Each structure stands twice: as C-alpha cells, then as structure tokens.
Amino acid sequence: MEDSPRLSKAMRSMIEIKSMLVDFMKCRVGNGLNAMFWFDSWSDLGPLIDFVGHTGPRQLRLRLPSLVADAVLNGDWFLPSARSPQAETLQITLTTLQPPSQEAGEDQFLWIQANGSYGTSFSSRVTWECIRVSTLIQPWHKVIWFKEHIPRNSFISWLALLRRLPTRDRLRRWGMTVPEECVLCSAAPETHHHLFFECSYSASVWNYYARKVWSNPPPDIHSAAAWINCSRSSSPQERCIIKLMFQSSIYLIWKERNSRIFTGQSLPAQTVRAAVDRQIRDRLLSVKPSQSLQPSLLQVFFACTRPP
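Oh and the sequence shown: position 271 is 271 in full-length UniProt numbering, straight run, nothing missing.
Because the hints were derived from the structure by calculation, they are not lab data. Zero decoy hints are in this set.
Pairs of lysine-lysine residues, derived as PhoX-like cross-links and limited to a Cα-Cα distance of at most 25 angstroms, are as follows:
| # | residue 1 | residue 2 |
| --- | --- | --- |
| 1 | Lys147 | Lys212 |
| 2 | Lys288 | Lys147 |
| 3 | Lys142 | Lys255 |
| 4 | Lys288 | Lys142 |
| 5 | Lys147 | Lys255 |
| 6 | Lys142 | Lys212 |
| 7 | Lys212 | Lys255 |
Just the calculated beta-carbon pair ranges, DEER-fashion:
| # | residue 1 | residue 2 | range |
| --- | --- | --- | --- |
| 8 | Arg306 | Glu180 | 34 to 42 angstroms |
| 9 | Val178 | Arg58 | 55 to 63 angstroms |
| 10 | Ser231 | Leu21 | 42 to 50 angstroms |
| 11 | Lys9 | Arg306 | 44 to 52 angstroms |
| 12 | Ser13 | Gly119 | 23 to 31 angstroms |
Please read all numbers here as calculations on a predicted model, not as lab measurements. Backbone N, C-alpha and C define an ideal beta-carbon position, used for all residues, glycine too.
Can you make the complete structure from the sequences, with help from the hints?
Next up, the structure:
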C-alpha cells in the first residue's frame, strides 16, 4: 500500500514505519501457506520485492500476492532461470533453505526479543526500546515521573526542566516578533530561568509552598529539582507531597502566563496559590489509601500546609 492524502492519519503513520518491520519481524517458513513470497522477511535477503525490485514478479513469474509455497514444485524450489544479479543471488540463497512442506507445520512470525534474537512472543516494551533514541537518564527523572503524579503537570514540568517550553526568548530566537518582557512581572525578559522562579510573581507562588518545607527555598527550578531528588531526610509521603507542590506550581504558573498572553485575563498570585492547593487535594483524594502507609498522603499534605 502506498501513501496517499486520502488515507487516514493513523493509516499513513503505519505506512511510514512499514520499512522498520524488516528489523523487528521475521517469518520462519513451515508449509509456506501464510508467508508472502514478495513482502514477508522470510530469508536473509529481507522482503524480496525490495531486494529484486519491482520487475521481480515478471522475472520470476510469481505474482505479487504469491505465497512462498507457490515457489515450490514437487518438494523443490521451482523458479525460472535468473535474469538479473539479484535474482541469481536469490536462487543461490534458496539452495541453503529447506523448501516448504506440510510436515514442517504452519509458518511462524517471529518478533525481536530483548537479546536481539527472534521469538514468538511480542513485547511492546522491547519493541519501543529498539525504536526509540536512547539518551542519558536525567538525574531528576524521579521528580517528574512517580506513581501519584498528575500527567499534565509532569509533562509541563519535564519540558520546563529541559528548557523546551516556548518562552519568549526562544520564540524570538526562532524569528518571531514578540515582546521580550515577562507578562507576569514586566520586570525582565522572559526566559525559563526567570519564569521558574526568578520572577517576583512566580516566586510568590513557589515560595508560599516551598517555605513550608524549607526555611531557605531553592531559588530556581533546577536547584529545587536537585534538592528534591537528593533529599533523604523526608518520609516517602512527604517527598511525594513536595513533588506535587513543585509540579503544580510550575504548571499553574505556565497556565497563568498563557492566559495573560492569549486571553488577556490575569489572576493574582493568591488565586494561583489557592489553585495549587485545590489541585493537590483533588489528586490526593483520588489516591486509594494504603493500609501499610500511614499517615495518609492527604494527612501529610494538611500537616505540611497548616499555618505555623
């Protein structure tokens, strides 16, 4: 199947990765009644339509829908004389392969395994690990991804720590004509470092919660992430609460920034702080209580945020 604008986006995405199947799926030929001669990777040559070329079906007198069993006659490979170097290589390769037979059972499609071999079991995790581009694990990854996290908050916090949010300094570097000043305080150019948490507005949101945990809160997002990641003095429940405070502050500061730019509406820092509190409470109310983990996360949150 060829790509076409008439196809759905999902179908077009599947067609784009079709060529990757050569590395991830092989076919072990049994009776040859399921394996397609031209399209399945049943020999070391990969899909034969790619190896021999589009003239292959005419050269070998096998139509595109042909099965591997169609290339066998009376228990032996049966192909016309080679008319190209590729067809000759194919015929040489076939001499090393056992022709399909009913005694060999059904064809088996094999997926790549974690050790690089092929087996009958499919693992989406192994396949993803083979597809993705691996990079070094960030030291703060557990600050972002943990069991009780709020997905949208984790995503925005992840981008913020990687400095990948479309802040105004980045937009200007991309050639866009936008004002450079921070819309929250109008006192400095908007950058990741300024927005989290050098800005007086964002600092008032972050410090309100951070001071309930630290007497001298970390002044920026990366220092805060490093401290949370390395802290061993707090209980598991307290570390979870701190992570939620951290992420909710980042998310709602970014949301307020966007609201001011795109809708012209603004909220005082006190309202954003209340939204952080509400968001964390809602998340903790949805967490199933654990009999082995006492006090509960909600109790720890109330203890952390109660007035001195």
